[in-house]
Structure formats: C-alpha cells, structure tokens
Amino acid sequence: MTTNPSVKHEHEFPIRVLVAKPGLDGHDRGAKVIARALRDAGMEVIYTGLRQTPEMIVNASIQEDVQCIGLSILSGAHNAIVPRLMTLLKERGADDILVVLGGTIPAQDIDFLKQQGVAAIFGPGTPLETTVEFIRANVKPRGVPA
Amino acid sequence: MSRSTTEDVPKSPAPAAEPVRNISAAEQQWIDTTLTPALAKSPERPIGADTGTNRNPDGTARFTTISGVPVERLYTPADLPADWDQHIDKYLGQPGQAPYTRGIHATGYRGKLWTMRQFSGFATPEETNQRYKYLLQQGGSGLSVAFDLPTLMGYDSDHANSEGEVGKCGVAIDSLEDMEILFSGIDLEKTTVSMTINSPASVLWAMYLVVAEQQGADWKKISGTLQNDILKEYIAQKEYIYPPAPSMRLVIDTFEFGSLFTPRFNPISISGYHIREAGSTALQELAFTIYDGVEYVEWALRRGLDVDDFAPRLSFFFNSHNDFFEEIAKFRASRKIWYRLMTDRFHAKQARSQLMRFHTQTAGVSLTAQQPMNNIARVAIQALAAVLGGTQSLHTDSYDEALALPTEEAARIALRTQQILAYESGVAQTVDPLGGSYFVENLTLKMEQGAFQYFDKLDAMGGMVRAIEQGFPQKELAESSYQYARAVEAKEKIIVGVNDFVVEETPQEILYIGESVRESQTEKLKRLRARRSQADVTRTLSALRQAAAREPQAEKGKISDANTMPYILDCVRAYATVGEICEALRDVYGTYEESSWT
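These protein sequence lines map, in sequence, to chains A and B. Per my numbering: the first sequence = residues 24 to 169. Per my numbering: the second sequence = residues 130 to 727.
No lab work stands behind these hints: they were computed from the structure. You may find that some hints are simply not true.
Distance condition first, Cα-Cα at most 25 Å in a straight line; then the derived SDA-like pairs of lysine to any residue [what the hints assert, rightly or not]:
id, chain 1, residue 1, chain 2, residue 2
1, A, K137, B, E634
2, B, K620, A, R159
3, B, K604, A, R39
4, A, K137, B, K349
5, B, K478, B, D218
6, B, K604, A, E152
7, B, K604, A, T149
8, B, K655, B, E638
9, B, K478, B, N290
10, B, K620, A, V155
11, B, K604, A, G148
12, B, K620, A, E152
13, B, K604, B, K349
14, B, K349, B, K219
15, B, K620, A, L151
16, B, K241, B, A374
17, B, K604, A, I69
18, B, K655, B, I688
19, B, K241, B, R541
20, B, K219, B, R541
21, B, K685, B, E427
22, B, K604, A, K163
23, A, K137, B, K219
24, A, K137, B, A235
25, B, K349, B, E634
26, B, K620, A, A64
27, B, K350, B, V149
28, A, K113, A, E35
29, B, K604, A, P150
30, B, K620, A, P37
31, B, K620, A, T154
32, A, K137, B, N290
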C-alpha cells in the first residue's frame, strides 16, 4: 500500500481521457490499443469511435470532463484538423485540456502542430508506457480547486 | 461514442487438442542420446525477453509464431497424420488439380510468373497517371489504383468532410473526367487494372468501364479486379457507407453484371489483408476472409444466381506478414479450404469454380518508421513467402511505408524486389518447393483445421453479417492486437530498430502532399458542373434511386431490372460525381454506424 500522495490522489480522481478518431480515417487499431493500455493504467477512457469532427470531439471532451484528448490521425489530414480543434477548445474555455497526437505525422509538420498547442506527438513504435507516463505527468490534476 | 464493454461476446473457438505424436524408434534414440545431453549442456533460450509468452509453465523457453502458435523444435514424419502416405492425394495432391494445396496451375510459375501489381495512387489523376506509366515502363505487369479517403468514402473533393484529406492517401477521383485522365495513354484492353475501392466500388467500376468504352475496348476482353469487399470494411478497414444488407445487394449486383458483360473481370477481391493489418492472427485472417467468401456466395445464391456463373471470378487478397513459414502454410491451406467449400458446401460443378486465386500484399503494418531501409529486407522475406505460397499476383510495399506514400525511388525498389525474386533467386522454377516439408505440411493442416472450427462457430452465429452485428470478428481483432502490443512492449517480440537495435535518426525525404490537390480538384468540379447537363444528372440520379429501392430478381442470362449497375453507368456518362451518386444511394439506404469494441 503506497503512501505516495500523488498516486493516492490519482486513485481517488482517475485521469479521464478521450481517445478520438477525427476526419475520414478508419484505421483504429492503434487508438483502440492505446485506449485499453490507458485503462489498464487506471485511467478512465472514452473512445469516440470513427469519423468525428472537431466539434464533436470538443463537445464530447467538455461533456465528459476529460483532462486529456488523444487524437489518432493516419490520413494526413492533421494540418487541417488540429488547428480547428485547438481553436474550438480555446473558444469554449477548455484549452487546459492536454492534447496529444498519434498516427502518421511527417517530421516537417511537428513544429507547426506543437505551435498549435499539441503537447506531444507519439509516432509509430512509441512504447505504451511512454504515452501513459506523459499523460500522467502533464494533465491538470482533478479535484484541485480552480 | 462508447465505453469499453464487458458484453459477453462469443469467444474464439478452442484449438483442437494436439494429436499424440507416434515417434519412430530413430527419433526416440535421437532424443535420448543427442538431444537430451545437448539441452543439459545448453538449454534453449527464448528469442526475445525471457518472460510471458516466451516461457512455458515449466520454465523452459517457448517459441511461437507471430500469431502465438507454438513452434516445435523439430518436425518429423510423426507430425503428419498417420495415413499421410496412404492418402497423400487427398491431403496434398498435385498442382493444378484437387485439392489444389500445391497450387492451381500444373506448371506453377514456369508457365507464367505472378503479376507484379504495385498498388499506387496519390494527389491528382495527372500525377498518378505519370506514376502508372513509370511503373509499367519499369516492368510492372499490371496496375492497381489507390484512391484517396474522400473517394473511398463517397465524397467529392470539395465536400466539407474532405478538408485536409484530398489526394493524401491515394488519388482523388471525383468524376468520369478524372478517370479519363487517370488512364490517359493506357490501353485498357492490354493492361489489367485492380481498383481498391469498396463502398463506392460500383461507381468507380462504372467510370472505368466507360473509359474503356471510350477507348474502344471490348468489355468482354478487359481484365482486372474490383476490391468491392464490404464485409471486411465492417470487420477491419471501416470504410463503410451504407448498412450491411444494401451493401451486400450492391456487391451482388456487380457479380450479376460481371457474369453477363465482363467475363474476364473479377468483381470482387475478398480480402484478408486489412483484417490482418487491423491486428488479427494468421488463422483469423484466413478464416474470416474465406468465410466472407462463403457469405458472398450465399447471398448470390439467394439472389438466384447459379454458383458456376459467378464463382470462377471470385478472387481473394491476403497479407504476407513476417512469420515466414506460417504465411506459406496459410496460403497453401487457403486453396484446399476453398476447394472443399466450393465442392462440399456449394456443389460447384466447374473446376474453375473451385480455384482459390489470390493477390498478396506484404504487410504494411510490419514496416517501421525507424531505420526505414530495414524494411527492404522485411519486404523481401514477406514477398518470398508469398511466392513460395503460390500467389497469383503480388504487391511489395515501399520502404517508406510507415512514413508516407512512396517516393518514386522507393516504389522502384519495391518493384525491383519482385524482379530479383523472379529472375535471380530460382524459386519460381519449381512448383510448391516446400511441399512435403514436415513443418510446412503440419502447419498447413493445422491452419485448415483451425479455419473449419471458426466456420462452425460463424455458422452457429448465423453467418458473417450476424457475427459482425454481434461484434465477434471485431472483438477478436482488438484482442489479438492488444496481446501483440503487450508482447512488443515487454520485448517478448522484438521489432528491430524499434524496441531493440535502436539508433539516433534524422528525418528523411518523403513524398509530401499539401492542400493544393483539394484546390485544383475543386476548381475542376466547378467547371465540370458548369458544362454538363444538370437535367441529365438529375434524371439519371433519380432513376438510380428508384432502381436501388427495388428488390432485384435474377433471371438466367438476363440482367435484373433493378440491378444498379446500368443505372450507375448512366449517371457516370452524364458526369454525375462520385459524391452525387453516393449521396443518391445514401438517400435510399441510409448510413451505417458501428458500435465500438475496444
């Protein structure tokens, strides 16, 4: 039984994550594996399913009161989708939600996406633990007064 | 949207109990005097981390295929059925005759090499046309069209949903005009064309047929393949538009049309590639694919078609993944299984109805973003497995597969890999070289048995459409892919360059496609809509809607009144767009949304 206060805190207030497939891309193997790995790590995960618009994702994130949005994009549409999504989050006052991205993202697009507010990009081959730990270390904790 | 469900989805069938091995005296002597001392001196060590899947309960090293099937130290005659030699004609047979385990052609590749058919398409039809001419010049023996996501999903390039997506994963095709450009300068009577398109397959096929017609090509002579396999979309690739029943109807319309008008064209490529890419094991890929085939046959028979009228033109498409011998066994088993089904279950009378003809693509999912040049070695091994498995045609992936669509150089190396296999390695010179290998024959038989166990389970569920509605294949895939991801995470399965043998790397040149394709296609659509006859478009779309809403009834030798193909052809000739035609069908059939199983 641990006495580490941050771990105890997480048990009381599990991290809530939304895993989303924006755009037309139907390749959901990775998104589903990540969703399950995050659950195994004690997080509460909502998987949106396919063909989500930025509006649908932002609405769901706010409704579900998540601390992190994980986007999976293998179609090449990331430069169109991400800015729209980040703008919507800001407009809705939800831009303290951690946004991370996985999929097929050319190296030359990484700077732009990070400028848009994506906290991390987890490319193919990223260990599951890396993603889990990053989210754990970087979400705004729940149960903390605003 | 969904949370993970603990619904009781039917479980995978239990594997058949291992038959007792009746080892020979010689083998026993080897065990006693050679093997046992060798193990005592130097125990076996797992290939990969010494944990989990790599360790037996008794602590000894465990070796499994990439699909988790145990692999024994040595295979001997004891690993074949006791009556193998007596009934070898039933188990193995000869190439070119039942049960086709050794191949569908008596002379293998000595009569004709496999078709080197490289999947290709990107950005605009103009650019893809150039790439096709390049591949043909470089020795590619057939074409294979990759369409972009908007086209695959039945949207025009200027649709709101197409933003960011146009031309990125394949070529953008909005109308007959784009198809004309795509095949400009390519003789469709001489060049066979495969098209990877599913939900809107009828539409793109109609466009191809009209281009062929414009060229003066004879529909009775043109040859190629339409992927058109909607079942695997629900299972794996997820590029569905309409619900299952109307989607199946559209597919059977193409069977009927093809059997009457395009006798050399395969209206379907029943696919396992995508099922495997989505995370299935080799056995699941084999079983689900072939059972999808069973489902298509049953729907066609219910339409009133005669099995021998359409079965000869059913084709298949498999993955070739890393585990070399497992893949070869899978390919060999597929031929025997299909033969058994077509004769025992469907009573096909013609020999041509019994043949499993398949295309293979090397496993994209196995290729790494790290140290991409290593992928050339992976693809070579996977391609070799496909050739030793007797594939009819082959696509080899490019080394930059995990990064982007291929550069011209990467695409060329992929083609050269096949040419080196064909012309330098010698493997094409004899039929089914691994026939008779104790290991390969044992694996082949196991695959066959395992497949039939899955068939029984799927039959009990009421068929593949029912199974899909219950989430059975989807859950199998999610489970297999998660187990594999865990094994990789634990380094029980090593991926060179990714979880071992890692180096610092700098990004390399890739094929980068920007937003200009959407802009140019949008402009083109504006001009198209301005010059075509809107009246013709409206009239043909309306006729299509009416036909689509009616139940087709097959009559021998005649096309059903309500078969959608002639109506789609009319829409295409009027330059209705992909989006407009698919929207007309959406009006009639609605759209499909899956429940998510993670």
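Taking the hints in turn, this is what the structure says about them:
For the hint pairing K137 (chain A) with E634 (chain B), the CA-to-CA distance comes to about 20 Å; that is within 25 Å, so the pair holds. Taking the CA atoms of K620 (chain B) and R159 (chain A), the gap is about 23 Å. The hint holds against a cut of 25 Å. Pair hint K604 (chain B) plus R39 (chain A) holds up; C-alpha atoms about 23 Å apart against a cutoff of 25 Å. About 55 Å separates the Cα atoms of K137 (chain A) and K349 (chain B), which puts this hinted pair outside 25 Å; it is violated.
For the hint pairing K478 (chain B) with D218 (chain B), the CA-to-CA distance comes to about 20 Å; that is within 25 Å, so the pair holds. In summary, the hint linking K604 (chain B) to E152 (chain A) is supported, as the alpha carbons are separated by about 23 Å, within the 25 Å threshold. Straight-line distance between C-alpha atoms of K604 (chain B) and T149 (chain A) comes to about 24 Å, which keeps the hinted pair within the 25 Å bound. The suggested pairing of K655 (chain B) with E638 (chain B) is violated, with an alpha-carbon distance near 34 Å, which exceeds 25 Å.
A hinted pair counts as satisfied when its Cα atoms are at most 25 Å apart, and K478 (chain B) with N290 (chain B) does not qualify at roughly 48 Å. For a cut-off of 25 Å, the pair hint linking K620 (chain B) to V155 (chain A) stands: about 18 Å separates their Cα positions. Distance hint between K604 (chain B) and G148 (chain A) is fulfilled; the C-alpha atoms sit about 23 Å from each other, no more than 25 Å. With a C-alpha separation of about 13 Å, the suggested pair K620 (chain B) and E152 (chain A) falls inside the 25 Å cut-off, and the hint holds.
At most 25 Å may separate the alpha-carbon atoms for a hinted pair to count; K604 (chain B) and K349 (chain B) exceed this at roughly 42 Å. At roughly 37 Å between alpha-carbon atoms, K349 (chain B) and K219 (chain B) are farther apart than 25 Å, so this suggested pair is violated. Distance restraint check for K620 (chain B) and L151 (chain A): the Cα-Cα separation of roughly 12 Å lies within the 25 Å cut-off, and the hinted pair is therefore satisfied. Under the criterion of a C-alpha separation no larger than 25 Å, the hint pairing K241 (chain B) with A374 (chain B) is inconsistent with the structure, at around 39 Å.
For the hint pairing K604 (chain B) with I69 (chain A), the CA-to-CA distance comes to about 17 Å; that is within 25 Å, so the pair holds. For the hint pairing K655 (chain B) with I688 (chain B), the CA-to-CA distance comes to about 36 Å; that exceeds 25 Å, so the pair is violated. Using a Cα cut-off of 25 Å, the hinted pair K241 (chain B) and R541 (chain B) holds, with the two alpha carbons roughly 22 Å apart. Distance restraint check for K219 (chain B) and R541 (chain B): the Cα-Cα separation of roughly 42 Å exceeds the 25 Å cut-off, and the hinted pair is therefore not satisfied.
Between the alpha carbons of K685 (chain B) and E427 (chain B) the distance comes to roughly 17 Å, so the proposed pair stays at or under 25 Å and holds. A threshold of 25 Å between alpha carbons decides the hint, and for K604 (chain B) with K163 (chain A) the separation of about 33 Å lies outside it, so the pair is violated. Distance restraint check for K137 (chain A) and K219 (chain B): the Cα-Cα separation of roughly 62 Å exceeds the 25 Å cut-off, and the hinted pair is therefore not satisfied. In summary, the hint linking K137 (chain A) to A235 (chain B) is not supported, as the alpha carbons are separated by about 59 Å, beyond the 25 Å threshold.
A C-alpha spacing of about 53 Å is found between K349 (chain B) and E634 (chain B), which places the hinted pair above 25 Å, so the restraint is violated. As the CA atoms of K620 (chain B) and A64 (chain A) are separated by approximately 19 Å, the hinted pair is consistent with the 25 Å bound. Restraint check for K350 (chain B) and V149 (chain B): the C-alpha separation of about 53 Å exceeds 25 Å, so the hint is violated. Restraint check: the Cα-Cα separation between K113 (chain A) and E35 (chain A) comes to about 28 Å, which exceeds 25 Å; the hinted pair is violated.
A hinted pair counts as satisfied when its Cα atoms are at most 25 Å apart, and K604 (chain B) with P150 (chain A) qualifies at roughly 23 Å. The suggested pairing of K620 (chain B) with P37 (chain A) is violated, with an alpha-carbon distance near 28 Å, which exceeds 25 Å. Distance check on the hinted pair: K620 (chain B) and T154 (chain A) sit about 17 Å apart at the alpha-carbon level, within 25 Å; holds. Distance restraint check for K137 (chain A) and N290 (chain B): the Cα-Cα separation of roughly 24 Å lies within the 25 Å cut-off, and the hinted pair is therefore satisfied.
Against the hints set out earlier in the document, violations occur for numbers 4, 8, 9, 13, 14, 16, 18, 20, 22, 23, 24, 25, 27, 28 and 30.
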